[in-house]
Amino acid sequence: MASTACFVIVSKNDIPIYEAEVGSAPKKEDLAYHHQFILHAALDVVQDLAWTTNAMFLRSVDRFNDLVVSVYVTAGHTRFMLLHDSRSEDGIKSFFQEVHELYIKIFLNPLYLPGSRIASSHFDTKVRALARKYLYIRGIY
Amino acid sequence: MYTFTSIESQIRVLSDYAFMLRDYELALSNYRLLSTDYKLDKAWKRFAGVQEMSGLCYFMLDQSRKDAEYCMENAFTTYLRIGSSGQRNATRCGLWWAEMLKTRGQHREASTVYFRISNEEPSLHSAVLLEQAACCYLLSSPRMLRKYGFHLILAGNSYYLSDQKQHAVRAYRNALFVYKQNPWSYINNHVHFNVGRWYGVLGIFDVAIKHLLEVIACSHQSLTTQSMFLNDFFHFVQSTGEKFDVYKLQLPVFNMSSLRVVNEDHRTYASNADVDVNESIWQELEEELIPSSSVVRTNWLDTQPKSSPFRNNKACVCVAGEAVKLNVELKNPLQISVNVSGISLICQLSTNLNASETGALTTAAEEDIASTKPSISTFESDGNNFTVSKLDIVLGGGETKRIQLEVTPKVIGILKLVGIRWTLSDSVVGYQYFEVATQKKNKKGKRGARRSLNTNLIVIKGLPKLTGYIECLPTKAFTGDLQLLTLNLRNQSEHAVKNIKMKISHPRFVIPGDSSDLDLEFPQCLRKHVQSDSNTVSEGTKENVKGSLFAFPQGIKIQGGTTFSWPLWFHAATPGNFSLYLSLYYEMESTTDIPYRTLRMHYNVEVLPSLDVSFAISMCSSRLQEYIVRMDVINKTPSDSFALNQLSCVGTKWAVSTLPSRDSISFVETIPANQAVSCFFKIKDLSTSSCIEAADGSCGSDIVLSPGGSTDVFDVSRTPITDFHYQERHQQGKLAKVPRGLLDFILISKAVAVNSSKSEQLLSHHTCHCSALSQNPVWWLMEGPRTITHDFSKSCCEANIQLVIHNSSEHNTTVRVVTSDCMAEKSQTAPSHESASGQGGWHDVSLENDIKAIASTKGTHSQKQSSESISPFVWCSLSSAQVDLKPDSSAKIPLKVCIFAPGTYNFSTYELHWKVHSSESGHVDENVTSGGGQGYPFYVNVLQGA
Numbered sequence: 001m002a003s004t005a006c007f008v009i010v011s012k013n014d015i016p017i018y019e020a021e022v023g024s025a026p027k028k029e030d031l032a033y034h035h036q037f038i039l040h041a042a043l044d045v046v047q048d049l050a051w052t053t054n055a056m057f058l059r060s061v062d063r064f065n066d067l068v069v070s071v072y073v074t075a076g077h078t079r080f081m082l083l084h085d086s087r088s089e090d091g092i093k094s095f096f097q098e099v100h101e102l103y104i105k106i107f108l109n110p111l112y113l114p115g116s117r118i119a120s121s122h123f124d125t126k127v128r129a130l131a132r133k134y135l136y137i138r139g140i141y
Numbered sequence: 001m002y003t004f005t006s007i008e009s010q011i012r013v014l015s016d017y018a019f020m021l022r023d024y025e026l027a028l029s030n031y032r033l034l035s036t037d038y039k040l041d042k043a044w045k046r047f048a049g050v051q052e053m054s055g056l057c058y059f060m061l062d063q064s065r066k067d068a069e070y071c072m073e074n075a076f077t078t079y080l081r082i083g084s085s086g087q088r089n090a091t092r093c094g095l096w097w098a099e100m101l102k103t104r105g106q107h108r109e110a111s112t113v114y115f116r117i118s119n120e121e122p123s124l125h126s127a128v129l130l131e132q133a134a135c136c137y138l139l140s141s142p143r144m145l146r147k148y149g150f151h152l153i154l155a156g157n158s159y160y161l162s163d164q165k166q167h168a169v170r171a172y173r174n175a176l177f178v179y180k181q182n183p184w185s186y187i188n189n190h191v192h193f194n195v196g197r198w199y200g201v202l203g204i205f206d207v208a209i210k211h212l213l214e215v216i217a218c219s220h221q222s223l224t225t226q227s228m229f230l231n232d233f234f235h236f237v238q239s240t241g242e243k244f245d246v247y248k249l250q251l252p253v254f255n256m257s258s259l260r261v262v263n264e265d266h267r268t269y270a271s272n273a274d275v276d277v278n279e280s281i282w283q284e285l286e287e288e289l290i291p292s293s294s295v296v297r298t299n300w301l302d303t304q305p306k307s308s309p310f311r312n313n314k315a316c317v318c319v320a321g322e323a324v325k326l327n328v329e330l331k332n333p334l335q336i337s338v339n340v341s342g343i344s345l346i347c348q349l350s351t352n353l354n355a356s357e358t359g360a361l362t363t364a365a366e367e368d369i370a371s372t373k374p375s376i377s378t379f380e381s382d383g384n385n386f387t388v389s390k391l392d393i394v395l396g397g398g399e400t401k402r403i404q405l406e407v408t409p410k411v412i413g414i415l416k417l418v419g420i421r422w423t424l425s426d427s428v429v430g431y432q433y434f435e436v437a438t439q440k441k442n443k444k445g446k447r448g449a450r451r452s453l454n455t456n457l458i459v460i461k462g463l464p465k466l467t468g469y470i471e472c473l474p475t476k477a478f479t480g481d482l483q484l485l486t487l488n489l490r491n492q493s494e495h496a497v498k499n500i501k502m503k504i505s506h507p508r509f510v511i512p513g514d515s516s517d518l519d520l521e522f523p524q525c526l527r528k529h530v531q532s533d534s535n536t537v538s539e540g541t542k543e544n545v546k547g548s549l550f551a552f553p554q555g556i557k558i559q560g561g562t563t564f565s566w567p568l569w570f571h572a573a574t575p576g577n578f579s580l581y582l583s584l585y586y587e588m589e590s591t592t593d594i595p596y597r598t599l600r601m602h603y604n605v606e607v608l609p610s611l612d613v614s615f616a617i618s619m620c621s622s623r624l625q626e627y628i629v630r631m632d633v634i635n636k637t638p639s640d641s642f643a644l645n646q647l648s649c650v651g652t653k654w655a656v657s658t659l660p661s662r663d664s665i666s667f668v669e670t671i672p673a674n675q676a677v678s679c680f681f682k683i684k685d686l687s688t689s690s691c692i693e694a695a696d697g698s699c700g701s702d703i704v705l706s707p708g709g710s711t712d713v714f715d716v717s718r719t720p721i722t723d724f725h726y727q728e729r730h731q732q733g734k735l736a737k738v739p740r741g742l743l744d745f746i747l748i749s750k751a752v753a754v755n756s757s758k759s760e761q762l763l764s765h766h767t768c769h770c771s772a773l774s775q776n777p778v779w780w781l782m783e784g785p786r787t788i789t790h791d792f793s794k795s796c797c798e799a800n801i802q803l804v805i806h807n808s809s810e811h812n813t814t815v816r817v818v819t820s821d822c823m824a825e826k827s828q829t830a831p832s833h834e835s836a837s838g839q840g841g842w843h844d845v846s847l848e849n850d851i852k853a854i855a856s857t858k859g860t861h862s863q864k865q866s867s868e869s870i871s872p873f874v875w876c877s878l879s880s881a882q883v884d885l886k887p888d889s890s891a892k893i894p895l896k897v898c899i900f901a902p903g904t905y906n907f908s909t910y911e912l913h914w915k916v917h918s919s920e921s922g923h924v925d926e927n928v929t930s931g932g933g934q935g936y937p938f939y940v941n942v943l944q945g946a
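Those protein sequences? They're chains A and B, same order as listed. First residue of the first sequence: 1, per this note's numbering; consecutive thereafter. First residue of the second sequence: 1, per this note's numbering; consecutive thereafter.
No lab work stands behind these hints, which were simulated from the structure alone. As the structure is a computational prediction, the values presented were derived from the model and not from experiment. In this text, a Cβ means the ideal position worked out from N, Cα and C, and glycines have one as well. Check the hints yourself; a few may be wrong.
With a cut-off of at most 20 Å between alpha-carbon atoms, the simulated SDA-like pairs for lysine to any residue come out as follows [stated by the list, open to error]:
hint, chain 1, residue 1, chain 2, residue 2
1, A, K105, A, H122
2, B, K180, A, I17
3, A, K12, B, R143
4, B, K501, B, T467
5, B, K180, A, H34
6, A, K12, B, L145
7, B, K896, B, L943
8, A, K12, B, K180
9, B, K465, B, G560
10, B, K465, B, V262
Derived CB-CB ranges, DEER-like [stated by the list, open to error]:
hint, chain 1, residue 1, chain 2, residue 2, range
11, A, D85, B, R81, 17 to 27 Å
12, A, P110, B, S337, 38 to 48 Å
13, B, D276, A, A55, 54 to 64 Å
14, B, G105, A, M56, 29 to 39 Å
15, A, M56, B, K165, 38 to 48 Å
16, B, V207, A, D85, 35 to 45 Å
17, B, D612, A, R128, 48 to 58 Å
18, B, D67, A, I104, 42 to 52 Å
19, B, N339, A, D48, 46 to 56 Å
20, B, L61, A, I104, 48 to 58 Å
21, B, E99, A, D48, 19 to 29 Å
22, A, S60, B, D245, 46 to 56 Å
Work the whole structure out from these sequences, hints included.
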């Protein structure tokens, strides 16, 4: 059961282009910056790790107390980062793969400027639906 | 239990001595010996101590890194396991461990060790340890700056918790180097806010405010966070006790791309909304109105008009004493409403007219702005040269408002708009300068000059100016609505203006009235009893209406300080939204820099559909020169009902009357919402001299439909209705492309007012170019006895009847009458009538061999029907007759029918064929040069006589 899950897409210029709190725990305002700090710091680790492997899914790269950062790096060096406290690696991997497909669709949009913020509400709802599907342990939904 | 004198303790002392004497090998072997013993005895504290020492020995021997780390790890976890008594030892062990890793250059691992120790320590200790961890990240290669920043923030937090604010600020400030210009908004806000807040607590307000300024315009934060930021900010600002000047304050956000300077040179506007109308619309409208600049040119080489010295200058012109307006959009990014007061322009007015010198002056000022941000107070105290408006507004959460700022120059010179200043919540003064880059663009190309912002304005001497508005122009009206409006013009200056002209974009909707119309009471003035010879007047205005340019009478001058009114007639012609543009041109009495000015007015009117009127006209088959008119009226409004008042034919040529059978039924027609009504009328052509029936008094061009009687009749030949009708006729003729309309109708109706307080609303619907369904140049009519009594035992009956033929066309016409004896039942119905005339093919056949053609076509025609019956009567006088008819004349052709048996007969088995001889050869008449028609049914009863 992922009570905390913060999903961020970071462009290759280290700018967050999409942010979503997808955890089932009620959103707390003061935690938002907390999550950003952890994810931002994890970028350092990703930077090292990304060039050591062929796999796009880097598994959990960093942890802070009981929060784990899992990262998926696309070919264009856009990073999908998920801050979570659950351990279902398979679910996270499928989540990242499906989000990657969605992201490619966004990229195909000729009006989307690569590296700019993803403001599509369609994308947002899809990502949230995927998070419900893969990140929550069965029985909750 | 191990006492000091136990063997294990002795060995421990021995190995410690060995360690001190740098015999690490001996020390290590003894420590290992001890560790197994302690482990077996589960003396964890001693075990951990031995492990720690063996770890150090491994490190000093520098043999096996793995072993050293393993030992330290073991010691550390064991210390932690034994609870609070091992806490300090764990920390010491961790410090050794971290130092070990640092010495070997494993900074990353060292920092994780520091981080692990920090979790177990009180806040001040953990702060120091976290700072160490951060330093390790900085030293590691590659450098991990983000981790460094993160751990510094954690350290700062711990410092703050342990009441070490200065250290906290130091840690955060170091972290700021990492997070400077960071797009991660929450991080940015957190760091700036905390640094600002702690500085504020420390009493260093200016730095605190500087940091807090970074976060007060955060739109992504929640309401509580935003109000927290803002409260802290204002708290610190107030504690400083003075007003702060902030360059480029982010609250509220001024949208500089929406900036627009409105200066009135020769173009003046009635209201602020009119400014937004595209300039090209006005220019098109004013094309005939304003004197063209080509007049000034002496020859074709002289392309630059020399009329105004300001024309060549790219700067705009404004008039002293008149406000220059500046529109700008401002947005509140927060969810909290903010109070913005004293929004005003920062301006410079140099009274030196020498353009080059001023240019130098202004450029100097620009550089000044760019480099040092001069204090605003120097511009503020310029009250004797110009005045600026101050505006106070409250912006709600997330609200965007468009504001208008004004500056009124008082003296001649060059006015430069520098920027905007405002006060936020009575405590912070924000100011912003206009971008200078747009001016450079101005200099480059003429094209861009109009669109881009021009902040330099030449102030010229005061001019008279008219302001105007149309009184009670409806924003919503029903189609056909007719109203009398008043145009009010006011001259606010001392000087008079003359030579006033006006142009209206939609003469179909609004036409200027006559000066006498002003005091008339509408709609009573339109009633018929007010007889006047206004026809001549309307002729005159018709010419004006054509060009939609209206010149006020020459004598009219508007003196300074007076108000001038002029009537306007409004008629909502077609449903839909339309924009009405009015442009008034006037000249100055005295010679000034600008010889003329224009006043531009713009109104939007929504016209709702009301009554939909259509007419169907068919020829009357029983009388000549008469038509039956069906009027269909549909009320298309959802809730309003209308009372029909009168129907009028335009012109004196036509007379309208009710059908004879309907005389007794009163025509009270109120059409409720969404209902339709059909009425039938008879119209008669009065102009032809050969009209068979003399026009009796009851026939007029108007017919009253309301119960009010003839007093309620409106005169359609008077000014507004005829003028509007002329427009409608012109417009509908253009749309329909009908070459020649037969007649025009005007239906006047009244809105049935729900509440009686509303004044009477009059609607006029104009339907033009109505024509009969079939339009023949020849009319014919059978005349004769309807009942014949005859004794068939003696002989067959001969009935004398005559055919009256009338030529209504403008040319000589030859008409042939052909009778045939076969019975054509189908000929009585309209479609076969048309097909028969089509079969006749008379358009192509010449007059000489027409008999053959008729015979051949009739042959086929009769073959079809030969099986039907044999005709019971025979035309006996002639089979065909030919008459020539002059224009507007009638002829009678006597016919004779032989009847063999009593019964009822229909003498319609004849055909007419005509050919119109155009007077000019080669000129083809509009539609019909030749044609034909079947006979109308004419029933005769033949009875058996005694």
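Okay, the hints, checked on the actual structure:
1. Between the alpha carbons of K105 of chain A and H122 of chain A the distance comes to roughly 11 Å, so the proposed pair stays at or under 20 Å and holds.
2. With a C-alpha separation of about 18 Å, the suggested pairing of K180 of chain B with I17 of chain A holds against the 20 Å cut-off.
3. At most 20 Å may separate the alpha-carbon atoms for a hinted pair to count; K12 of chain A and R143 of chain B meet this at roughly 19 Å.
4. Of the pairs offered as hints, the one joining K501 of chain B and T467 of chain B holds, with about 14 Å between alpha carbons and a cut-off of 20 Å not exceeded.
5. Distance check on the hinted pair: K180 of chain B and H34 of chain A sit about 18 Å apart at the alpha-carbon level, within 20 Å; holds.
6. As the CA atoms of K12 of chain A and L145 of chain B are separated by approximately 17 Å, the hinted pair is consistent with the 20 Å bound.
7. A threshold of 20 Å between alpha carbons decides the hint, and for K896 of chain B with L943 of chain B the separation of about 17 Å falls inside it, so the pair holds.
8. For the given pair, K12 of chain A sits about 18 Å from K180 of chain B by alpha-carbon distance, which is consistent with the 20 Å threshold.
9. Using a Cα cut-off of 20 Å, the hinted pair K465 of chain B and G560 of chain B holds, with the two alpha carbons roughly 9 Å apart.
10. With a C-alpha separation of about 16 Å, the suggested pair K465 of chain B and V262 of chain B falls inside the 20 Å cut-off, and the hint holds.
11. Checked against the given bound of 17 to 27 Å, the beta carbons of D85 of chain A and R81 of chain B, roughly 25 Å apart, stay inside it.
12. Range check, P110 of chain A to S337 of chain B: Cβ separation about 40 Å, and the 38 to 48 Å hint holds.
13. For the hinted restraint 54 to 64 Å between D276 of chain B and A55 of chain A, the CB-CB distance of approximately 58 Å keeps it satisfied.
14. For the hinted restraint 29 to 39 Å between G105 of chain B and M56 of chain A, the CB-CB distance of approximately 31 Å keeps it satisfied.
15. The hint said 38 to 48 Å for the Cβ distance between M56 of chain A and K165 of chain B, and at roughly 45 Å that hint holds.
16. Separation of V207 of chain B from D85 of chain A is about 38 Å and conforms to the stated range, judged on CB atoms against 35 to 45 Å.
17. At roughly 53 Å, the beta-carbon separation of D612 of chain B and R128 of chain A lies within the given 48 to 58 Å, and the hint holds.
18. Under the hint 42 to 52 Å, the C-beta atoms of D67 of chain B and I104 of chain A, about 50 Å apart, fit the expected range.
19. A hinted range of 46 to 56 Å holds for the C-beta pair N339 of chain B and D48 of chain A, which are about 51 Å apart.
20. In this structure, L61 of chain B and I104 of chain A meet the distance hint of 48 to 58 Å, their C-beta atoms being roughly 56 Å apart.
21. Checking the proposed 19 to 29 Å range against E99 of chain B and D48 of chain A shows it holds: the Cβ atoms sit about 24 Å from each other.
22. Roughly 51 Å separates the CB atoms of S60 of chain A and D245 of chain B, a value that falls within the hinted 46 to 56 Å.
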